[in-house]
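> From first to last, the protein sequence lines are chains Z and R. Start counting at 1 in the first sequence, then tack on 157, and there's your number in the numbering used here. Start counting at 1 in the second sequence, then tack on 171, and there's your number in the numbering used here.
Treat the hints with care, as some may be off.
[Said to hold, decoys possible] Okay, the calculated bits of chain R under chain Z, using three or more residues with CB under 8 Å as the criterion:
1) 348 to 355
2) 367 to 379
[What the hints assert, rightly or not] Part of the chain R face toward chain Z, derived, beta carbon under 10 Å:
3) 184
4) 196
5) 208
6) 213
7) 219
8) 222
9) 226
10) 260
11) 309
12) 310
13) 312
It should be emphasised that the hints constitute simulated quantities derived from the structure, not laboratory data. Glycine included, each C-beta is placed from N, C-alpha and C at the ideal position.
Now for the letters of each chain:
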Amino acid sequence: MSTTLAKISRRIVLFFRKPKVVKTTKTLTSVLKNFYFFFIMFLLYLPIIIIAFQSLNSSRNANRFVSFSFKWYVDMFSDSQLMEVVSNTLTNAFFSTLLSTVFGTMFAIGIHSLTKKARQKMVFLNQIPILNADVVTGISLMLIFKVLMSVFPNIFVPLPETALFFRVSLTVLLSHIYFSLPYVVLSVLPKLSELDPNLYDAALDLGSKPFDAMMKVIIPAIKAGIFTGMLMAFTMSIDDFVITFFTSGGAYDNVSIYVYGQIGKIMSPAVYAYNTLLTLTVVVVLVGMYISSAIKQKKQALAQIQHNRLPN
Amino acid sequence: MNIKKLGRLVTPYVVWLSILVMIPLVMMVILSFFETRGLDFTNATFTLSNWFRDLRDPSVLKALENSFTFAGITVAVVFLIGYPMAFILARSSFANKMVILMLTIIPMWSNSLLRNNALRNLFSEQSFVNDLLSKINLSFVLDIKGTPSAIIAGLVLTFLPFMILPVYTVLEKMDKSLIEASMDLGASPIRTFFKVTFPLSLKGVATGVIMVFLPSFSGFAVPYILGDGKFILVGTIIENSYNYNINFVSTLSILLVIIIFLMIFFVSKVDKEGESFL
Chain Z
158 MSTTLAKISR
168 RIVLFFRKPK
178 VVKTTKTLTS
188 VLKNFYFFFI
198 MFLLYLPIII
208 IAFQSLNSSR
218 NANRFVSFSF
228 KWYVDMFSDS
238 QLMEVVSNTL
248 TNAFFSTLLS
258 TVFGTMFAIG
268 IHSLTKKARQ
278 KMVFLNQIPI
288 LNADVVTGIS
298 LMLIFKVLMS
308 VFPNIFVPLP
318 ETALFFRVSL
328 TVLLSHIYFS
338 LPYVVLSVLP
348 KLSELDPNLY
358 DAALDLGSKP
368 FDAMMKVIIP
378 AIKAGIFTGM
388 LMAFTMSIDD
398 FVITFFTSGG
408 AYDNVSIYVY
418 GQIGKIMSPA
428 VYAYNTLLTL
438 TVVVVLVGMY
448 ISSAIKQKKQ
458 ALAQIQHNRL
468 PN
Chain R
172 MNIKKLGRLV
182 TPYVVWLSIL
192 VMIPLVMMVI
202 LSFFETRGLD
212 FTNATFTLSN
222 WFRDLRDPSV
232 LKALENSFTF
242 AGITVAVVFL
252 IGYPMAFILA
262 RSSFANKMVI
272 LMLTIIPMWS
282 NSLLRNNALR
292 NLFSEQSFVN
302 DLLSKINLSF
312 VLDIKGTPSA
322 IIAGLVLTFL
332 PFMILPVYTV
342 LEKMDKSLIE
352 ASMDLGASPI
362 RTFFKVTFPL
372 SLKGVATGVI
382 MVFLPSFSGF
392 AVPYILGDGK
402 FILVGTIIEN
412 SYNYNINFVS
422 TLSILLVIII
432 FLMIFFVSKV
442 DKEGESFL
């Protein structure tokens with residue numbers, strides 16, 4: 158009898174022994190962590206989900222869901238006002254991304270090759286457009302353009318549409334390059350510090366010209382940074398509102414300015430369709446790139462394993 | 172080291188930044204001390220009234236107070252929500268952190284004004300979401316459009332990634348052996364967090380605070396959309412008067428620049444290496 162009691166009591170003691178208690182609190186915290194993670198993610202994605210549902214609503218009434226319909230995804234192409242602001246936004250983002258990526262990479266290479274002190278100064282100078290408030294940047298650029306107006310009276314007038322491209326506003330384009338450049342510089346600099354400086358020397362010693370050496374040695378080594386910078390520049394450009402607002406001179410509206418003008422009015426669900434389509438495109442591109450890089454890594458790892466096995 | 176010779180590539184950037192940063196700054200300082208007709212200085216009169224009369228106008232003081240309150244509360248809420256999130260992300264054993272990180276950035280590819288407009292709809296009496304939910308016999312009514320809570324909710328959701336990302340970066344780069352050392356020496360996980368992890372992550376927090384405070388302090392779109400135009404902020408005054416009172420707009424801009432400099436000064440105190448931004 159006493160032995161069974163002892164057995165039971167030992168069982169009870171064993172049950173409450175520390176490891177098990179630790180384990181239960183651990184699972185509890187991990188449940189809490191996951192719950193918190195998904196809750197915050199839900200909050201971040203809630204507006205996007207609402208926009209997606211609104212784009213699938215057959216009615217223009219923003220407060221009622223009538224029935225599912227894809228009609229706005231077709232109708233948006235015949236909404237001339239929307240198409241104009243979309244083409245402005247995308248054309249401007251295309252050129253500002255292209256130019257700020259090229260020049261940002263060039264400036265980053267320049268900054269990297271400075272002495273430590275000069276480099277720190279440049280990195281600080283480079284932060285100014287990022288840290289400055291958008292409103293101040295917008296007013297500043299507007300003032301510069303108004304001064305330039307005495308030399309170039311038509312500076313605020315957008316360039317007309319050509320056979321190849323949609324309308325471009327020089328003031329808006331320059332402003333977007335101004336605030337995108339620092340992001341490209343910041344994305345490229347860390348990759349440059351991982352670069353072996355001897356590679357560039359070797360290329361020059363082997364007889365290539367400085368420009369060729371840069372294009373064939375430095376650029377391929379930092380392309381991941383250039384790509385990140387490009388993505389940042391594009392993101393900043395398509396989402397900008399404040400700076401475009403002050404520098405367009407009222408003659409060049411982008412999607413944000415259009416939306417701002419429609420607040421409180423009945424907005425065409427075509428806008429929601431455009432926005433959902435854009436978000437989905439970016440997600441698909443990112444997922445595609447992620448998968449392709451994962452496959453590449455796996456192939457390399459497999460090749461490595463096979464290579465190691467060869468001697469046997 | 173031939174690479175050192177590439178330094179001249181940076182010269183155009185120095186010229187570009189000096190022109191676009193310094194000249195407007197000087198112009199705004201000058202404009203703030205004059206009464207002009209736009210940029211036309213004929214008949215311009217020197218005056219201190221922009222700084223000493225207009226800036227102390229009750230409506231302007233109210234706007235400054237609103238801006239400080241909204242931005243201050245937003246920063247506090249974003250920190251309280253974003254820090255644990257960054258911590259969870261950095262310490263997670265998720266298979267691929269890049270994917271998770273991408274998930275926090277993706278919302279930024281959706282137009283921010285449209286996202287806030289969706290919140291405006293959600294916060295109204297007859298919301299789209301409530302109508303959707305009513306189809307499955309549920310209901311959700313959060314009628315706060317036009318209140319400070321709605322504005323703060325919008326600002327928080329818009330700028331949350333700006334806090335998560337820098338804090339995550341710092342936590343991820345942190346030397347894990349310091350935490351192990353603290354645990355080995357007998358500190359509890361909570362003590363380790365407050366004595367080791369948190370002080371080492373202050374750099375990221377400071378960056379996050381700036382990245383969230385400045386746009387919420389100076390922006391005017393989110394307060395307009397979610398406050399239903401009922402609240403005047405510093406950005407609202409600039410938006411409304413940049414076309415006809417460039418002198419006072421310049422004064423407000425210089426005031427913003429001073430606030431930005433104070434904040435950068437405060438961050439450089441926290442982060443002495445000066446390389447914390449992004």
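> Would you check whether residue 309/R satisfies its interface hint, that is, whether its CB is within less than 10 Å of any CB in chain Z?
13 Å, violated
> Would you say the segment 348 to 355 of chain R counts as covered by chain Z, given the rule of at least 3 residues with C-beta under 8 Å?
It is violated, with 0 qualifying residues against the three required.
> Hint check: is the beta carbon of residue 196/R less than 10 Å from a beta carbon of chain Z?
It holds, given that the least Cβ distance between residue 196/R and chain Z is near 7 Å, below 10 Å.
> Cut-off 8 Å, C-beta pairs, minimum 3 residues; does the coverage of the segment 367 to 379 of chain R by chain Z stand?
violated (count 0)
> Does the interface hint hold: is residue 208/R within less than 10 Å of chain Z, judged Cβ to Cβ?
Violated. Min distance 13 Å.
> Holds or violated: is the Cβ of residue 310/R closer than 10 Å to a Cβ in chain Z?
With a closest approach of 14 Å, the residue 310/R hint is violated.
> Under 10 Å is the threshold here; is the Cβ of residue 226/R close enough to any Cβ of chain Z for the hint to stand?
Residue 226/R check fails; min Cβ-Cβ to chain Z is 16 Å, beyond 10 Å.
> Are residue 312/R and chain Z close enough, Cβ to Cβ, to be under 10 Å, as the hint says?
12 Å, violated
> For the hint on residue 260/R, does the least C-beta distance to chain Z fall short of 10 Å?
8 Å, holds
> Taking the closest Cβ pair, is residue 213/R under 10 Å from chain Z?
With Cβ-Cβ at 13 Å, over 10 Å, it is violated.
> Is the interface hint for residue 219/R satisfied, with its Cβ closer than 10 Å to some Cβ of chain Z?
With a closest approach of 21 Å, the residue 219/R hint is violated.
> So, as I understand it, the hint says residue 184/R touches chain Z; can you test that by seeing if any CB pair is closer than 10 Å?
4 Å, holds
Figure legend: structure checked against the earlier numbered hints; hints not met, in rising order: 1, 2, 5, 6, 7, 8, 9, 11, 12, 13.
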